[in-house]
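**Student:** Chains as they are written, first to last, in the UniProt record's numbering: chain A, 1 to 361; chain B, 1 to 361.
To be clear, the hints were calculated from the coordinates, so they are not data collected in a lab. For each residue, glycine too, the CB sits at the ideal point set by N, CA and C. Among the hints, a few may not be true.
Some chain B residues near chain A, calculated using beta-carbon distances under 7 Å [claimed, not checked]:
(1) 232
(2) 312
(3) 334
(4) 335
(5) 336
(6) 341
(7) 347
(8) 353
(9) 354
Not the full set, but computed from the structure, chain A residues with beta-carbon under 8 Å of chain B [to be verified]:
(10) 167
(11) 319
(12) 332
Derived coverage of chain A by chain B (criterion: at least 3 residues anywhere in the stretch with Cβ under 8 Å from a Cβ of chain B; other residues may be distant) [claimed, not checked]:
(13) 154 to 161
(14) 306 to 318
(15) 337 to 347
2 protein chains.
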Amino acid sequence: MRGMADENLWAVVPAGGAGTRLWPLSRAAAPKFLHDLGGTGRSLLQATYDRLVPLVGDRLLVVTGAAHAEAVSGQLDALPTANVVAEPSPRDSMAAIGLAAAIIERQDPDAVMGSFAADHVIADPEAFRACVSEAAAVARTGVLVTLGIEPDFPSTGFGYIRLAERLEDFPTAHAVAEFVEKPDATTAAGYVASGEYRWNAGMFVARASVVLDLLAENHPDLAAGVRAIAADPTRMDEIWPGLTKIAIDHAVAEPAAAAGRVAVVPGAFGWEDIGDFEALSDLLPAGADGMKVLGDAAAVLAIDSTGLVVAGTGRTVAVLGLTDVVVVDTGDALLVTTTEHAQDVKAVVQALKDSGRSELT
Amino acid sequence: MRGMADENLWAVVPAGGAGTRLWPLSRAAAPKFLHDLGGTGRSLLQATYDRLVPLVGDRLLVVTGAAHAEAVSGQLDALPTANVVAEPSPRDSMAAIGLAAAIIERQDPDAVMGSFAADHVIADPEAFRACVSEAAAVARTGVLVTLGIEPDFPSTGFGYIRLAERLEDFPTAHAVAEFVEKPDATTAAGYVASGEYRWNAGMFVARASVVLDLLAENHPDLAAGVRAIAADPTRMDEIWPGLTKIAIDHAVAEPAAAAGRVAVVPGAFGWEDIGDFEALSDLLPAGADGMKVLGDAAAVLAIDSTGLVVAGTGRTVAVLGLTDVVVVDTGDALLVTTTEHAQDVKAVVQALKDSGRSELT
């Protein structure tokens, strides 16, 4: 087994979500974690794997929809196929992560697990791993530990974590006072100015048994269900469809925070959640002509234009006289919009569904 | 022979010009006259043919580049192949039309010919034919007759024809005072307000012998050259490359006007020269969603957008939140611009040539 750094640390990588606002690049059939959105030659899933392997070796489970299990295994050829857990149907994040926790708990009752989405971008993997290592150490004390991202700007798109007192035994960890929902712009500005808040990126580290015990306190049927599947995987199809659909934040993290059982390790490692084309554009460097390109830059000709071109077909894409334009060229669908309308791309997907073109979504 | 209306009227259809401002729809390899820009199911060339056949039957010659002769014959399957005259190389409009005049003159020394570009759109073919018939009658008196288009607006994109006195023997014809070049906006407004000016659409009617005799007065070598080729087509490759390159306006029309030998028949038949995507957009009706589509409208999804989509590949084209956008989707190239930049599309073509991608132009 590789990854000697921490013999009982496991990683769980939930790989879900269609990335609707990244249509037509991201589809239900080819969600964003399968795409190389950073232009690095590795998909977001592969980059997530690369980032975690030095910490966990192959103590890594990917939990994904049955439809994507083959694609996930195909992209992660060094990962044993058994480490890809296929959900028969979407039951929200608690069922997915809870099942992974139950599988890990059976292999090592003392295991600590970290959960890290498959579709995030992290600029500084070493800083990330240092943060996870501290979180793992804190997690061994029996609490749930979140990673709290140093805010770059007063985002209204993320939830926040309010820091409480420092935990003296660790280099940077704090207790968590509370989780707060996505704020309005004024509130967000206040959060950032105060220095007391971090972005909630949905990444946490805890003992697998702590996750399941916290779950058992709040949703005993769900905890029992995932433990039963882990004990006998042949019962998956029988039990899974009946599991409660709930997000892990509501099922475990918020009740634990209210009970004072959550800590946070602050981190500044260049985290990005590429939720839409504006975020993708922010991530990419501009070319000499002012245009940002994901894909083959030689296929793009931009004159008096700025914005983002996703060149996905090998066709020449010429853009003339447009500011902050977004052009996404794929084999069966083309999107033309602006970064200002990045959030509205989901309306296109909805309109396609409404007009009977679901096969494109 | 069909077309009994006027047994010695011939039509010449020069089919040339790459339509650079309509790239990537129009290419050197597939110029605009081969495309169905009106969304009518017939290419501009075919529509030109359809419009002329009731007047001339198969007394119709298309003069085109050797590279396009096969495509022209393919689109005009009712036209004898011999009626497609292939130029070995581009020698400008006088050589092309002069050669056609010489071919016609040999078949019928009294023939009247009309020259009509292959890439114009005419909304009212009957009004057009009435205008041509009157022009043919005037042309039999030995003058060169132009069609003068009733201006829709003070265009700065066309040359104008200033009317002189009415010709009493004909319903609507006038003498021509002068041809004037493309005016500035103020001058154009004055022209239109005066009522004395018509657009010069480059369409004229004259005896073939008159065209050649006028040419002989100004460019005797050119007149002799095209007559020699008409007499012995096997001499084409020997003579053609040496012919003077000059536009028919300068070679014949302007000298004849100065000599008082040009008449004009005013016409109002919904003439359009689709020179760029703004003109194409003006021509097409808007859909319920505000977007104009050339091609399969069902493939286009427009939300909060106006402009023009040329849907040429069967792919779904989604446009979100853009005003006066122009999206031209073809198999190997995509253009995204706005109607405001319609004239600048030729800069894209030039940039492609400069960067070694001439195969796309």
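**Student:** Taking the hints in turn, state whether each one holds.
**Tutor:** Evaluated hints:
| no. | hint | verdict |
| --- | --- | --- |
| 1 | 232 | 45 Å, violated |
| 2 | 312 | 11 Å, violated |
| 3 | 334 | 5 Å, holds |
| 4 | 335 | 5 Å, holds |
| 5 | 336 | 5 Å, holds |
| 6 | 341 | 4 Å, holds |
| 7 | 347 | 6 Å, holds |
| 8 | 353 | 11 Å, violated |
| 9 | 354 | 10 Å, violated |
| 10 | 167 | 47 Å, violated |
| 11 | 319 | 5 Å, holds |
| 12 | 332 | 6 Å, holds |
| 13 | 154 to 161 | violated (count 0) |
| 14 | 306 to 318 | holds (count 4) |
| 15 | 337 to 347 | holds (count 7) |
Figure legend: structure checked against the earlier numbered hints; hints not met, in rising order: 1, 2, 8, 9, 10 and 13.
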